[in-house]
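Generate coordinates for the entire structure from the input sequences, incorporating the hints supplied.
Residue numbers (our numbering): 1 to 321.
Simulated from the structure, these hints should not be mistaken for laboratory data. The beta carbon of each residue, even a glycine, is placed where N, CA and C say it ideally should be. Treat the hints loosely; a few may be bogus.
Simulated DEER-style distance windows between Cβ atoms [said to hold, decoys possible]:
id	residue 1	residue 2	range
1	R166	F138	44 to 52 angstroms
2	S86	G172	42 to 50 angstroms
3	L130	M71	22 to 30 angstroms
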Amino acid sequence: MTHSTLPTRFSCLLPEPATPAQTLIRRWVWKMAAATLALMAVGSATRVMNAGLACPDWPLCYGQLVPSQQMNFQVFLEWFHRLDASLIGLMVIGLLGLSLWHRRSLPGWLPWAALATLLLIGVQGLLGGLTVIEMLRFDIVTAHLGTALLFFCTLLAIGVGLMPYRPTGTAGHLPWLGLTAALLVYLQSLLGGLVASRWAAHQCFGLADLCNMMNSHIVGVVPPTLAILLLVFSVWRTPALDGRLRSLANLAGLLLLAQIGLGIATLRLQLQVEPLTVCHQAVGAMLLGTLVCFTALALRDRVAPSYLQALSTQNFSTQDT
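What follows is the structure, encoded as structure tokens:
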């Protein structure tokens, strides 16, 4: 009996070494995820440096691919942000092409996941154009960030799904704790994006309105913090758990501490230190990504009993024949 006779829904659980195509695409996806994280950091720098409209037109910049005559630091930030986004778009097309070309040696879900990334990057490009055309309208800017985070999380989930993994069946309820924490961090990130796009913190420091929005972002730290602490505590109390899950949970706890520290420092310095603000968003994205990776890996571990039961049934049927 070979694993290939098992139901296809268990294909992502097989402990066999990854095929060359699977390894290629997994590395491709990790590179895309790293590029996306860098892109979000550059996007944050573009905002805090008031460079969002440094290129007044779209998709070109001053009607050119490379606006050499108008180039300064702000124009460079916006131009490089668009360049990085374009390169990621090409990588998404490559991902879909590779998934279709090697589909016989890949999990059946992969082409559909690759198509989802193509749709997300298309929406993201449209929102990027609207951000410029609508003069940085706050709801579009927030949607732009939210879509970028969804795209980033999708890439990470694909990468984890392609990792060789032998399930242990010890994760229990951990996937749902991880998913809850990830959703809360995502919502908090959107609220932070809304605060940033409306410059609510700056206006509140200036004794204007919008303090309620900033205070909501501050109070909103509590639910995801409690969820992550509960997740870390549950991981510590779960015996025989895969080491990678423990490492991801510990990393989430460390990133949470770093994010809270960066948030406090950013407020105490009244957003005057731009690198702190950029790091605050980047660490938030890293925290979200870590929770997504944990959830995806824990979910693979949780369905191990079904996998083992199917394998046992298949072995029993083979012995009978």
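Structure-based check of all given hints:
no., hint, in the structure
1, R166 <-> F138: 44 to 52 angstroms, "holds, 47 angstroms"
2, S86 <-> G172: 42 to 50 angstroms, "holds, 43 angstroms"
3, L130 <-> M71: 22 to 30 angstroms, "holds, 25 angstroms"
In this structure, every one of the numbered hints holds.
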